[in-house]
Amino acid sequence: MTSYLIKGARVLGGDPADLLVTDGRIAAVGESLSATGAEVVDATGLIALPGLVDLHTHLREPGREDAETVETGSRAAALGGFTAVHAMANTDPVADTAGVVEQVWRLGQEAGLVDVVPVGAVTVGLKGERLAELGAMADSAARVRVFSDDGICVSDPALMRRALEYVKAFDGVVAQHAEEPRLTVGAQMHEGDRSARLGLTGWPAAAEEAIIARDVLLAQHVGARLHVCHVSTAGSVEILRWAKARGVDVTAEVTPHHLLLTDACAEGYDPVFKVNPPLRTDEDVTALRAGLADGTIDCVATDHAPHAVEDKECEWAQARPGMLGLEQALAIVQDTMVETGLLDWAGVADRMSVRPAAIGRLSGHGRPIAPGEPANLVLLDPTARSVVDPAALASRSRNSPYTGRELPGRVVATFLRGVPTVLDGKATR
Amino acid sequence: MKRHLLEADDLDRADATLVLDTAAQIEAALTGREVKKLPTLRGRTVVNLFYEDSTRTRISFELAAKRLSADVINFSAKGSSVSKGESLKDTALTLEAMGSDAIVIRHGASGAPHQLASWVRGSVVNAGDGTHEHPTQALLDAYTIRARLGRLEGVRVAVVGDVLHSRVARSNVRLLHTLGAEVTLVAPPTLLPVGVGSWPAEVSYDLDAVLPKADVVMMLRVQAERMNASYFPSAREYSRRYGLDARRMAALGDDAIVMHPGPMNRGMEIAAEVADSVRSTIVEQVGNGVSVRMAVLYLLLGGAPS
Numbered sequence: 001m002t003s004y005l006i007k008g009a010r011v012l013g014g015d016p017a018d019l020l021v022t023d024g025r026i027a028a029v030g031e032s033l034s035a036t037g038a039e040v041v042d043a044t045g046l047i048a049l050p051g052l053v054d055l056h057t058h059l060r061e062p063g064r065e066d067a068e069t070v071e072t073g074s075r076a077a078a079l080g081g082f083t084a085v086h087a088m089a090n091t092d093p094v095a096d097t098a099g100v101v102e103q104v105w106r107l108g109q110e111a112g113l114v115d116v117v118p119v120g121a122v123t124v125g126l127k128g129e130r131l132a133e134l135g136a137m138a139d140s141a142a143r144v145r146v147f148s149d150d151g152i153c154v155s156d157p158a159l160m161r162r163a164l165e166y167v168k169a170f171d172g173v174v175a176q177h178a179e180e181p182r183l184t185v186g187a188q189m190h191e192g193d194r195s196a197r198l199g200l201t202g203w204p205a206a207a208e209e210a211i212i213a214r215d216v217l218l219a220q221h222v223g224a225r226l227h228v229c230h231v232s233t234a235g236s237v238e239i240l241r242w243a244k245a246r247g248v249d250v251t252a253e254v255t256p257h258h259l260l261l262t263d264a265c266a267e268g269y270d271p272v273f274k275v276n277p278p279l280r281t282d283e284d285v286t287a288l289r290a291g292l293a294d295g296t297i298d299c300v301a302t303d304h305a306p307h308a309v310e311d312k313e314c315e316w317a318q319a320r321p322g323m324l325g326l327e328q329a330l331a332i333v334q335d336t337m338v339e340t341g342l343l344d345w346a347g348v349a350d351r352m353s354v355r356p357a358a359i360g361r362l363s364g365h366g367r368p369i370a371p372g373e374p375a376n377l378v379l380l381d382p383t384a385r386s387v388v389d390p391a392a393l394a395s396r397s398r399n400s401p402y403t404g405r406e407l408p409g410r411v412v413a414t415f416l417r418g419v420p421t422v423l424d425g426k427a428t429r
Numbered sequence: 001m002k003r004h005l006l007e008a009d010d011l012d013r014a015d016a017t018l019v020l021d022t023a024a025q026i027e028a029a030l031t032g033r034e035v036k037k038l039p040t041l042r043g044r045t046v047v048n049l050f051y052e053d054s055t056r057t058r059i060s061f062e063l064a065a066k067r068l069s070a071d072v073i074n075f076s077a078k079g080s081s082v083s084k085g086e087s088l089k090d091t092a093l094t095l096e097a098m099g100s101d102a103i104v105i106r107h108g109a110s111g112a113p114h115q116l117a118s119w120v121r122g123s124v125v126n127a128g129d130g131t132h133e134h135p136t137q138a139l140l141d142a143y144t145i146r147a148r149l150g151r152l153e154g155v156r157v158a159v160v161g162d163v164l165h166s167r168v169a170r171s172n173v174r175l176l177h178t179l180g181a182e183v184t185l186v187a188p189p190t191l192l193p194v195g196v197g198s199w200p201a202e203v204s205y206d207l208d209a210v211l212p213k214a215d216v217v218m219m220l221r222v223q224a225e226r227m228n229a230s231y232f233p234s235a236r237e238y239s240r241r242y243g244l245d246a247r248r249m250a251a252l253g254d255d256a257i258v259m260h261p262g263p264m265n266r267g268m269e270i271a272a273e274v275a276d277s278v279r280s281t282i283v284e285q286v287g288n289g290v291s292v293r294m295a296v297l298y299l300l301l302g303g304a305p306s
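Protein sequences appear in the order of chains A and B.
Counted from 1, the first sequence has number 400 at position 400 by the numbering used here; the numbering is strictly sequential.
Counted from 1, the second sequence has number 97 at position 97 by the numbering used here; the numbering is strictly sequential.
There may be inaccurate statements among the hints.
Unchecked claim - Chain A residues, not near chain B, derived (Cβ > 10 Å throughout):
id, residue
1, Gly37
2, Ser195
3, Gly202
Unchecked claim - Straight-line distance between alpha carbons at most 20 Å, and here's what the computed DMTMM-like set of lysine to aspartate or glutamate pairs gives:
id, chain 1, residue 1, chain 2, residue 2
4, B, Lys89, B, Glu52
5, B, Lys89, A, Asp171
6, B, Lys89, A, Asp311
7, B, Lys89, A, Glu313
8, B, Lys2, A, Glu267
9, B, Lys89, A, Asp270
Calculated directly from the structure, the hints in this document are not laboratory data.
A virtual CB, placed ideally from N, CA and C, is assigned to each residue, including glycine.
Chain A on its own, in the form it takes in the complex (with noise of 0.2 Å):
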């Protein structure tokens, strides 16, 4: 196995060292290492984080191979600077019994660019009548400890006190996609003075609100933890503080770009910015870049949401919500949090590597960069600047809402347990 000496990157933002990789882990940090027969990359004027790991990815495969695969979101991901990824289940199949998410996770190792860890669903095929065989996927080779019907909420209240507590005897979690459904009907984008005007149902921050209230209470009443997928608003992250105040075990993500963007972006009615939930407003971006700050919403999880052109070049109305994230997600927190002196690199480390592998009990990731760790890595290069060009994507699909944005940051290389999955910024398979 190639060993890499990494010359002179900034761990965590902090003065120059060198990191000596051997056989997948991290051998030694330091002062003008040397070793002999390491392949020497240049990090002069990087920054060495930790892998990013990914709570909230959708691969689309199997079902939507069109749209992308494991193969190609894990590319996306690398080149992201993601060492894991947590592949969502709703898939066609969905990702229900242990059959499903053994196929994603093999298919990841297969591609051998990130680790695909499958989620698997909380409800046989994410209808929220009856639960999945939870047990079996956590005993599978994909080792499932976190449990979603992302894309739907699980609103039906016994139904979600029960998964709460039943996840409990294998150490999982049930990320919620909080959206009290009858709230939302036919809803297309935030419900305020622009949804108003373009004549668009809106989706009430209230409907996300009503459901994380209800379910920090439920967590704390059976003692289970929850996590709560793509907090959106700034009434959310309230909540999210009374419960954490309280004690309640949750915890909370964000996205890229609900942390960027406003529902200012539907006035075109370009159903790239349609999304759920839905974009917010200045003030819902101001709480939530504070929450994250703060560590009221834990980590930063993409929800990369890959869409065929077709799904997407039509009526709004019609268009399937969500947006691609993996390859840009790492530059919005450095243009929203690190420009903004809301978070330092330590701590860009901490919401998009440490706590999200904690979350999702990934032993191998999320860990220190120091002697002894497996070296999950990635270099990046703060001062690069570049322009979206959704065609030079990775991600077999294009609906990036960053097109045409200049933004900051360049992952430069990206490995996984010793191994280059990305060099000068290209992927190496």
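Guided by the hints, dock chain B onto chain A, whose structure is given.
For chain B alone, coordinates are given in the frame of chain A:
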């Protein structure tokens, strides 16, 4: 004038006034003529692309284009390639390839005309999109008010009914504001959108309080099926609180007029004796619609091949 008419805000006050003045000139030019036709758009092609059934609006646009001597193609979603699953974009590119100069679109999805405008080179006229806007309806309403009352500046207009789902209301609020009228929206709170406070209009839940001050009462169609979604308890209660009947009509000032974009639910939002009264402009609105749409097509297409 902009190249497209997608929403009322595409028109500033000068543009909107130009449309109304042009419609008046066209009406005057055709009055008393045996052959109701102008040669202005000869050789130009106007496509009526209708994804929703709307006999009234389609016929109005068709007549408007024909009276300007344009070639008119009616393309309705039913019985066409659309019902076989063709996308809006593919339909748009097909029509473009056939050389259409203007596309008049009616669509159930808000924003569809905006998207269409981004795909074709010709002009796009919004003939009603979802719950968004219906700008030519607002133009014909403004034309009718001006014709009856002689002015728009300072005219007090009450728009009554299902504002939440009404593209007519959205266009009228914007256009009437542009033209200097004062709009008050009257509806049960359930039928007003969250965010209505940012509109250039007053809001009231009390029709009886608004009527004595109104110069114009514009009644909106209320679909009885809204009742099933609990927007109001029953058609009878709606009618009692927000319907315009003879008793309420008596509270209006002497010159006040009653408008309705049609089709009416007689007995629901408007009583028969109100719809048929001398205050009612409902039939005039239909006639004015043709003149106003002629003016829009004339101004957008410039009257001569470009």
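Outcome of the hint check:
Look at Gly37/A: its CB is around 57 Å from the nearest CB on chain B, clear of 10 Å, so calling it non-interface holds up. At roughly 6 Å, the least C-beta separation between Ser195/A and chain B is not larger than 10 Å, which violates its mark as non-interface. The claim that Gly202/A lies off the interface is violated: its Cβ sits roughly 6 Å from the closest Cβ of chain B, which falls inside the 10 Å cut-off. In summary, the hint linking Lys89/B to Glu52/B is supported, as the alpha carbons are separated by about 17 Å, within the 20 Å threshold.
Distance restraint check for Lys89/B and Asp171/A: the Cα-Cα separation of roughly 49 Å exceeds the 20 Å cut-off, and the hinted pair is therefore not satisfied. Straight-line distance between C-alpha atoms of Lys89/B and Asp311/A comes to about 12 Å, which keeps the hinted pair within the 20 Å bound. Restraint check: the Cα-Cα separation between Lys89/B and Glu313/A comes to about 8 Å, which is no more than 20 Å; the hinted pair holds. Under the criterion of a C-alpha separation no larger than 20 Å, the hint pairing Lys2/B with Glu267/A is consistent with the structure, at around 18 Å.
Simply put, Lys89/B and Asp270/A have alpha-carbon atoms about 13 Å apart, close enough for the 20 Å limit, and the pair holds.
Hint compliance for this structure: hints 2, 3 and 5 are broken, all remaining hints hold.
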